[in-house]
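Number of protein chains: 2
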Amino acid sequence: MSSTNRLIYLPLGGAGEIGMNAYVYGYGPKGKERLILVDIGVTFPHMDGTPGVDLIFADIAWLEERRDRLEAIFITHAHEDHVGALGHLWSRLNAPVYARPFTANHAARKMEEQGNDPANVNVTQPWPNRVQAGPFEVAFLPVSHSIPESAGLVIDTPAGRIVHTGDFKLDVTPVLGDPFDRALWAEVAKPGVKVLTCDSTNVFSPNPGRSESTVGPAIRQLVERASGMVVATTFASNIARVKTLAEAGRDAGRAVCLMGRAMRRMIEAGVQSGILDDFPKTISPEEAQAMNRDQLMLIVTGSQGERRAASAQLARGKYMGLTMAEGDLFLFSSKTIPGNEREVLRIVNAFSEMGVDVVDDDADLYHVSGHANRPDLATIHQIVRPQAVVPMHGEHRHLREHVKLAAENGLPGILAPNGTMLDLTGDTPRVAEFVETGRTYLDGSVQIGALDGVVRDRMRMAMNGQVTVTFIIDEEDEPLGEPWVEIMGLPEKGRSNAPLSDVLEADLDQFVRRADDKTLADDDKIEEAMRRIVRQSAMNEIGKRPEVSVIVSRLSA
Amino acid sequence: MSSTNRLIYLPLGGAGEIGMNAYVYGYGPKGKERLILVDIGVTFPHMDGTPGVDLIFADIAWLEERRDRLEAIFITHAHEDHVGALGHLWSRLNAPVYARPFTANHAARKMEEQGNDPANVNVTQPWPNRVQAGPFEVAFLPVSHSIPESAGLVIDTPAGRIVHTGDFKLDVTPVLGDPFDRALWAEVAKPGVKVLTCDSTNVFSPNPGRSESTVGPAIRQLVERASGMVVATTFASNIARVKTLAEAGRDAGRAVCLMGRAMRRMIEAGVQSGILDDFPKTISPEEAQAMNRDQLMLIVTGSQGERRAASAQLARGKYMGLTMAEGDLFLFSSKTIPGNEREVLRIVNAFSEMGVDVVDDDADLYHVSGHANRPDLATIHQIVRPQAVVPMHGEHRHLREHVKLAAENGLPGILAPNGTMLDLTGDTPRVAEFVETGRTYLDGSVQIGALDGVVRDRMRMAMNGQVTVTFIIDEEDEPLGEPWVEIMGLPEKGRSNAPLSDVLEADLDQFVRRADDKTLADDDKIEEAMRRIVRQSAMNEIGKRPEVSVIVSRLSA
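Residue numbers (our numbering), protein chains in the order written: chain A, 5 to 561; chain B, 5 to 561.
What the hints contain is simulated information worked out from the structure, not anything from laboratory work. It is possible that some hints are incorrect.
When chains are identical, the list treats them as one kind, so a pair holds in a single copy or across two.
Each computed SDA-like pair below joins lysine to any residue, with the alpha-carbon atoms no more than 25 angstroms apart [stated by the list, open to error]: (1) K36 to A256; (2) K285 to D461; (3) K529 to S505; (4) K548 to R265.
Sequences are here, hints too, so could you generate the full structure?
Here you go:
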């Protein structure tokens with residue numbers, strides 16, 4: 005009976021952060037909905053909250069438990085926060101993947117890298133072509149963004165049409181890839197749209213967004229005027245920008261060299277998938293070494309100050325045999341993502357010490373955003389005229405503001421952060437239930453839960469240092485020698501100017517000498533007492549309470 | 005013979021970062037100069053580079069070795085990056101301290117807190133009053149900044165006059181404290197100035213700075229229109245701003261409550277030192293609990309998202325019995341210092357989840373900087389007309405840009421980052437030598453060198469996790485039991501799905517069984533082998549190479 009079917013929406017990631025996008029839609033009887041997943045991305049770790057972690061994914065446990073109901077995975081575009089987790093998580097979901105050619109190229113590589121069959125990725129042509137996935141009919145709707153072949157999704161369901169924007173901007177002259185096509189979006193909207201699930205990234209940017217094509221002249225002028233070597237960085241995936249930079253170099257009579265694996269790979273993928281046919285000729289780093297500085301332009305990875313990327317390596321000294329020198333120019337054709345400031349400024353200051361002139365986006369000349377600004381969001385609201393707006397792709401503050409913006413345009417909006425399952429069936433979306441969501445860390449080769457305590461323990465060691473006590477007890481429950489202390493990440497000496505380990509060992513030894521037989525027979529008691537003694541003794545001596553491990557070895561009779 | 009005397013400048017901190025200011029001047033025969041120190045501040049640690057560290061100071065070893073030649077310490081103003089290290093480092097320098105009354109109030113407290121006699125702090129009246137310090141005559145020259153009673157220093161030496169700006173802006177209506185007095189600065193400059201040592205913080209800000217008095221109307225309007233509780237944060241030391249906020253609250257009919265220790269302390273110091281006589285009446289947090297939300301305005305600490313400050317605690321739930329609620333307003337009357345974005349945004353999003361409206365300084369309405377912008381720096385160059393400009397108080401990029409700015413104004417500038425000793429004796433400053441400088445960490449109660457490796461070890465544990473192996477060998481060099489593994493900060497299971505510690509112990513045990521007598525007799529060999537085995541085995545199992553401690557306990561015969 006169709007009246008018992010419902011249409012649901014559940015963000016597992018991306019609605020509460022900018023990153024790790026993972027949105028579920030479902031249709032069917034309650035608890036038996038057939039499901040599709042839109043995007044499966046990563047977010048990046050930071051030393052200050054996730055030290056040693058390699059990547060962060062949305063926790064997909066909810067979906068994994070229902071994988072028999074998962075019809076398909078759709079990838080809107082090839083940015084890491086939309087496709088980066090595919091290879092790592094696909095085997096837990098095991099559903100066909102659909103994407104446009106350039107995106108599919110990346111998705112297939114992600115699959116291969118993690119040992120999954122890339123044939124599970126289906127190359128899909130855009131609207132009006134449709135993919136049938138259970139009760140859903142899904143079409144890729146071309147839209148402009150900062151990477152080629154981005155798409156919104158038109159998701160037709162028995163309960164009505166959903167438009168899921170993906171990441172987008174309203175760029176009619178995007179240099180490369182699909183311009184924003186207002187008529188096409190209006191055509192899609194015409195039959196009526198139930199819900200617009202909409203990018204919220206730039207809801208706080210008050211002015212209309214600028215086109216990718218506006219940065220060309222300023223970049224060209226800057227490169228023309230440079231006297232030393234020119235080095236520019238941007239997101240490797242912003243192929244249009246890389247092309248603009250390369251053309252500026254070529255036209256200023258410079259040889260162009262792409263540096264950094266991601267940079268070369270993206271351009272290759274662009275050529276392979278047929279979207280990039282007239283990229284300027286490039287030279288290899290080896291050839292670049294032989295050139296005069298004023299005849300050279302490097303385009304490098306690392307616009308966010310990533311430690312291992314080309315820009316950071318150049319800032320530390322040498323990369324692929326090339327070094328920066330006084331009079332060179334370094335251009336950030338990019339914006340620093342909030343949170344990456346320290347890393348980026350470290351590079352800027354290192355270049356400053358070398359006498360390199362650094363130009364960044366402070367004046368808004370050399371970069372434009374790939375996301376729709378506040379007035380652009382209002383425009384898309386008006387073109388699509390949905391029954392309701394569901395903001396996604398934003399921190400909580402963005403989602404909340406986007407709901408307000410929708411209201412300003414007379415549209416009901418609903419705030420649905422990660423884990424909020426919406427029932428979209430009726431005239432207005434309503435919250436159906438709250439699902440437990442979270443984050444999964446890729447730590448080395450292991451996936452661990454954010455709340456498993458592993459990273460918390462590492463942070464505690466980083467904050468407090470670590471003391472390990474070893475203590476041997478013989479067959480008769482008598483101490484064999486004295487407790488032994490090993491300290492890690494703590495000052496060698498404190499108040500008394502004696503080695504910290506000696507002070508701790510003396511206090512522990514005193515405890516052992518005074519301990520009665522009952523205590524010495526009980527490992528738990530020993531451990532508890534020793535931990536307390538070490539923490540208190542360290543507090544007196546160095547003003548810190550370290551993490552303490554006590555290892556009692558009991559020789560068996 | 006006076007011709008062999010020289011005038012030197014040596015930044016130990018502050019020229020290469022914004023923070024931990026410590027500038028040395030000297031006059032006398034080479035290597036026997038009599039010295040003064042200007043400012044002795046802190047910089048703040050971050051989890052991503054200095055986990056567990058409490059404060060960061062400039063390494064003053066160079067000055068400590070020459071403390072018999074140190075005549076005095078001058079503190080320009082009461083910001084932590086100028087006075088914060090005084091109490092911690094004073095006993096290593098042991099020289100009289102001079103400061104204007106409000107600053108001296110803080111300096112004396114810093115001394116007392118660390119067990120030093122506050123009587124070493126001399127309350128000093130400003131220009132034309134002078135302090136004799138060996139060959140130096142030093143006067144405090146009032147100047148506007150974001151804290152009351154800021155001062156530049158007029159340092160007269162036998163080789164000429166130096167003007168050391170301290171932190172400053174050109175504010176003729178600063179709400180509280182000294183307005184910028186162009187005539188006074190011109191008077192000081194009249195006899196000729198050899199060197200202008202000058203604040204560089206805002207050299208990249210292209211527009212003239214705005215007065216503190218410009219934020220009042222916007223703040224007033226915002227508070228008047230608010231319907232729920234209003235909570236505002238700013239730097240506690242910006243007493244003028246705190247006063248503006250409090251007056252806006254009072255005038256909107258709200259009771260004002262100051263929250264956070266630093267906030268209450270600063271206002272007390274302002275009243276004590278006589279610079280703040282008409283601050284609105286405040287109520288206690290207990291009284292605030294009894295008020296209606298729309299009759300209440302809190303002014304709280306924590307504008308930079310500091311974990312323990314009032315704003316972060318409100319974001320996590322409750323502070324002093326008060327909580328935020330839907331419809332409340334939270335105002336950041338402050339700028340986020342680069343590097344603190346993640347912490348601040350965490351708070352903003354937490355408030356968003358509570359339904360609190362957050363207003364920040366994006367629109368430049370509710371905050372102005374305390375530092376001179378680029379055109380203001382040009383103005384001070386022109387008023388002082390020094391023979392040379394020495395940029396200070398900035399990262400390397402700021403200092404370098406400031407030298408360029410000086411050149412634009414026809415003034416020779418010289419880049420002197422931390423450790424660069426300048427000889428100022430001649431017509432143009434020149435580099436005399438490079439002195440080894442660095443950072444000292446306050447870690448608990450211990451001062452450790454940044455390069456001592458303590459924090460590096462902590463970061464390694466945070467990145468890689470920690471494995472401790474204990475292994476007991478008996479009197480005959482035979483293993484007593486099997487090696488025992490304790491893991492910290494690592495996933496419990498990896499590839500083989502067996503507990504990681506079991507896998508490591510099995511591999512270690514295999515090594516022990518195969519080890520020959522010579523190996524078992526040699527602790528170093530055992531440790532090296534076991535470390536290698538653990539790292540390799542963990543790499544196979546979990547894709548990480550942990551830090552490893554091996555503790556071999558050898559029972560003595």
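Outcome of the hint check:
no.: 1; hint: K36 to A256; verdict: neither (62 angstroms within a copy, 56 angstroms between copies)
no.: 2; hint: K285 to D461; verdict: neither (50 angstroms within a copy, 46 angstroms between copies)
no.: 3; hint: K529 to S505; verdict: both (22 angstroms within a copy, 23 angstroms between copies)
no.: 4; hint: K548 to R265; verdict: between (44 angstroms within a copy, 22 angstroms between copies)
Hints 1 and 2, counting from the list given before, are not met by this structure.
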